[in-house]
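Make a model of the complete structure from these sequences and hints.
Final position of the sequence shown in the numbering used here is 167; the numbers increase by one with none missing.
These are computed hints drawn from the structure, not numbers from a lab. Careful: at least some of the hints might be erroneous.
What the hints assert, rightly or not - Straight-line C-alpha distance at most 20 angstroms; calculated EDC-like pairs for lysine to aspartate or glutamate:
#1 Lys31 <-> Asp45
#2 Lys145 <-> Glu57
#3 Lys31 <-> Asp60
#4 Lys145 <-> Glu34
Said to hold, decoys possible - Cβ pair distances, simulated, as ranges:
#5 Gln107 <-> Glu25: 35 to 41 angstroms
#6 Ser13 <-> Gln49: 16 to 22 angstroms
#7 Lys142 <-> His58: 25 to 31 angstroms
#8 Ile109 <-> Asp39: 32 to 38 angstroms
#9 Gln107 <-> Glu72: 34 to 40 angstroms
#10 Ile105 <-> Gln131: 41 to 47 angstroms
No experiment lies behind these values; they were computed from the predicted model shown. We put the beta carbon where it would ideally sit given N, CA and C, even for glycine.
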Amino acid sequence: MAPTLIFTYGNPSRGDDGLGPAMFELLEIDKPSERYLDDVELLTDYQLQIEHSVDIEHRDRVLFIDASVSAEAPYEFYQLHPDRDNSYTTHAMSPASVLDVYQQINQRIPPPSYMLSIRGYNFGLGQELSQQARLNLQRGYKFIKQLLTTDHEHWLTIRGSDDKEKQ
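This is how it looks when you write it as structure tokens:
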């Protein structure tokens, strides 16, 4: 099992909500030839579910990637912490809730986990990624490459990251 999990999520049929799966596709293309992805497993889904807490077992770190209507452009990057928020009882969970489920099931804190929220603008059904979202995607892609070639202990100090912690 790879020590780093990159978990992207979103609905490609809803315009910029497809930024997570679009990032998955970019990284999947690089995976066979780029050494920075040697110790990385890539997963994608439409939304986070309680079962995804199992996917983070035996990991050293986890990076969640999703579109955001409220993130500052081009993206926000921050550390996550377990939190049983309101999404805990819905069909789609937040990353913090997935971490909370992991903690409850395993009786230990989850691996260090982070969120890359890529700014999106158009989330209409049947829409493609907007031009601005595509630019944000490319900037986020470059950031991930930089992130994965940096020691984990320094992830929050990388230029462009938000060094305040968020839930």
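* Asked: Is it true that the CA of Lys31 sits at most 20 angstroms from the CA of Asp60?
  -> holds (19 angstroms)
Range hint 32 to 38 angstroms: satisfied by the CB atoms of Ile109 and Asp39? Since Ile109 and Asp39 have Cβ atoms about 21 angstroms apart, the given range 32 to 38 angstroms is violated.
Does the beta carbon distance between Lys142 and His58 stay inside 25 to 31 angstroms, or does it fall outside?
holds (29 angstroms)
Verify the CB-CB distance for Gln107 and Glu25 against the hinted window 35 to 41 angstroms. holds (36 angstroms)
Looking only at beta-carbon atoms, does the pair Gln107, Glu72 fall within the given range of 34 to 40 angstroms?
Given range 34 to 40 angstroms: holds, Cβ gap about 36 angstroms.
Practice problem: Could you grab the alpha-carbon distance between Lys145 and Glu57 and see if it respects the 20 angstroms cut-off? | Solution: violated (23 angstroms)
Holds or violated: 16 to 22 angstroms for the Cβ distance of Ser13 and Gln49?
holds (18 angstroms)
Point to revise | 20 angstroms limit on alpha-carbon distance, applied to hinted pair Lys145 and Glu34 | key: Holds: Lys145 and Glu34 sit about 10 angstroms apart, inside 20 angstroms.
Falls inside 41 to 47 angstroms, the C-beta gap from Ile105 to Gln131? Given a distance of about 42 angstroms, which is inside 41 to 47 angstroms, the answer is holds.
Between the alpha carbons of Lys31 and Asp45, is the straight-line distance 20 angstroms or under? Holds, because 18 angstroms separates the two Cα atoms, which is no more than 20 angstroms.
In summary, the numbered hints that this structure violates are 2, 8.
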